[in-house]
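Whole structure, please, built from the sequences with the hints as guidance.
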Amino acid sequence: MKRILVSALLCTSLLAAAQAQTTHTVKLVDTQLQDVLNVLEDMDIYIHRFDVSQFLDATYNVEVYVEEYKNNQKTGKVHHFDLGKNIRSLDEIPEEHRKGFRKEYQIPAGKKEWNNIKEISIYIRKEERTDTTAAIRISSPNVGIQGFPFTLYPADGKKFISYHTRPFAARAVKTADEMKIPLLLYGSAWAEPGTTFFRFCGENEIDPEMKAEILTHIPHHYVIGLQLKKE
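Residue numbers -20 to -1, 1 to 211, in mature numbering (1 follows the signal peptide of the UniProt record, and there is no 0), belong to the letters of the sequence shown in order.
One thing to keep in mind: the hints can contain errors.
Claimed, not checked - Computed list of lysine-lysine pairs in PhoX-like fashion (alpha-carbon distance at most 25 Å, straight line): (1) K139 <-> K106; (2) K160 <-> K191; (3) K210 <-> K98; (4) K50 <-> K138; (5) K54 <-> K106; (6) K209 <-> K106; (7) K139 <-> K65; (8) K98 <-> K138; (9) K154 <-> K191; (10) K160 <-> K57; (11) K65 <-> K106; (12) K210 <-> K154; (13) K98 <-> K191; (14) K106 <-> K57; (15) K57 <-> K191; (16) K50 <-> K106; (17) K50 <-> K160; (18) K7 <-> K92; (19) K138 <-> K83; (20) K139 <-> K210; (21) K138 <-> K106.
As the list claims (entries may be wrong) - The calculated label-pair distances, taken between Cβ atoms and stated as ranges, are: (22) P188 <-> D22: 28 to 38 Å; (23) L13 <-> I125: 15 to 25 Å; (24) T5 <-> K139: 39 to 49 Å; (25) E172 <-> E93: 26 to 36 Å; (26) K7 <-> H28: 30 to 40 Å.
Think of the hints as simulated: they come from the structure by calculation, not from any bench. Using N, Cα and C, we set each Cβ at its ideal position, and we do this for glycine too.
In structure tokens form, the structure reads like this:
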């Protein structure tokens, strides 16, 4: 009888101890935007979006330029994407289409102008058919998409090609009739001397003066920027 009582007490103690133990559960959570961006970058696809609405205090002709650099020196090759005016007027539109434009852009009665360029997106994708070409596309909601292929070069001078992006640090720009603002760097990884490793590490943002140490290592890169000229 005594053994039965001891066994019963022991079982009760073990059960109480088991119930008192902390439990842990893994929960499925929603995918975040950063998860999507990480996957895209693994596929050599980069997406960057820029707010340019502060320049709507005046009318500018807006261009996106792409300059090529080798060993941190300009090659002289430049490509321009002309996006048109950041502020447009119904006076530019044929009279028979003005009513449609007024409705589309919700232009109030008595007004003629609308804000045409408030944001600019840059999409970069390495071509699947050839590792030596990347397509850079420039998009703005009221303008559409423009694109152009750019040449990529092997980091080791032979086969390995790996390019990545770095944004330029946002700095206040003094208002002028012409302004040139770097937005994004798209550059090659470099071979670590004496090893078989390749790197693309350093500053997470590039200073507009282009004094970042990472630039002394990158063998080839493109600078994508914004150029504004007052109308």
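Each hint tested on the structure:
1. K139 <-> K106: At roughly 15 Å apart (the allowed maximum being 25 Å), K106 and K139 satisfy the hint.
2. K160 <-> K191: holds, 17 Å
3. K210 <-> K98: holds, 16 Å
4. K50 <-> K138: holds, 16 Å
5. K54 <-> K106: OK: K54 and K106 at ~22 Å, within 25 Å.
6. K209 <-> K106: violated, 31 Å
7. K139 <-> K65: violated, 42 Å
8. K98 <-> K138: Cα-Cα ~42 Å, so violated.
9. K154 <-> K191: Measuring from Cα to Cα gives roughly 20 Å; hence the hint holds.
10. K160 <-> K57: holds, 16 Å
11. K65 <-> K106: violated, 30 Å
12. K210 <-> K154: holds, 13 Å
13. K98 <-> K191: violated, 29 Å
14. K106 <-> K57: holds, 20 Å
15. K57 <-> K191: holds, 21 Å
16. K50 <-> K106: holds, 19 Å
17. K50 <-> K160: holds, 21 Å
18. K7 <-> K92: Distance ~54 Å between K7 and K92 Cα, so the pair is violated.
19. K138 <-> K83: violated, 56 Å
20. K139 <-> K210: With Cα atoms ~45 Å apart, K139 and K210 exceed 25 Å; violated.
21. K138 <-> K106: Roughly 18 Å between the alpha carbons, so the hint for K138 and K106 holds.
22. P188 <-> D22: 28 to 38 Å: holds, 29 Å
23. L13 <-> I125: 15 to 25 Å: holds, 21 Å
24. T5 <-> K139: 39 to 49 Å: holds, 47 Å
25. E172 <-> E93: 26 to 36 Å: 54 Å Cβ-Cβ, so the 26 to 36 Å window is violated.
26. K7 <-> H28: 30 to 40 Å: holds, 32 Å
In this structure, the hints that do not hold are numbers 6, 7, 8, 11, 13, 18, 19, 20 and 25, in rising order.
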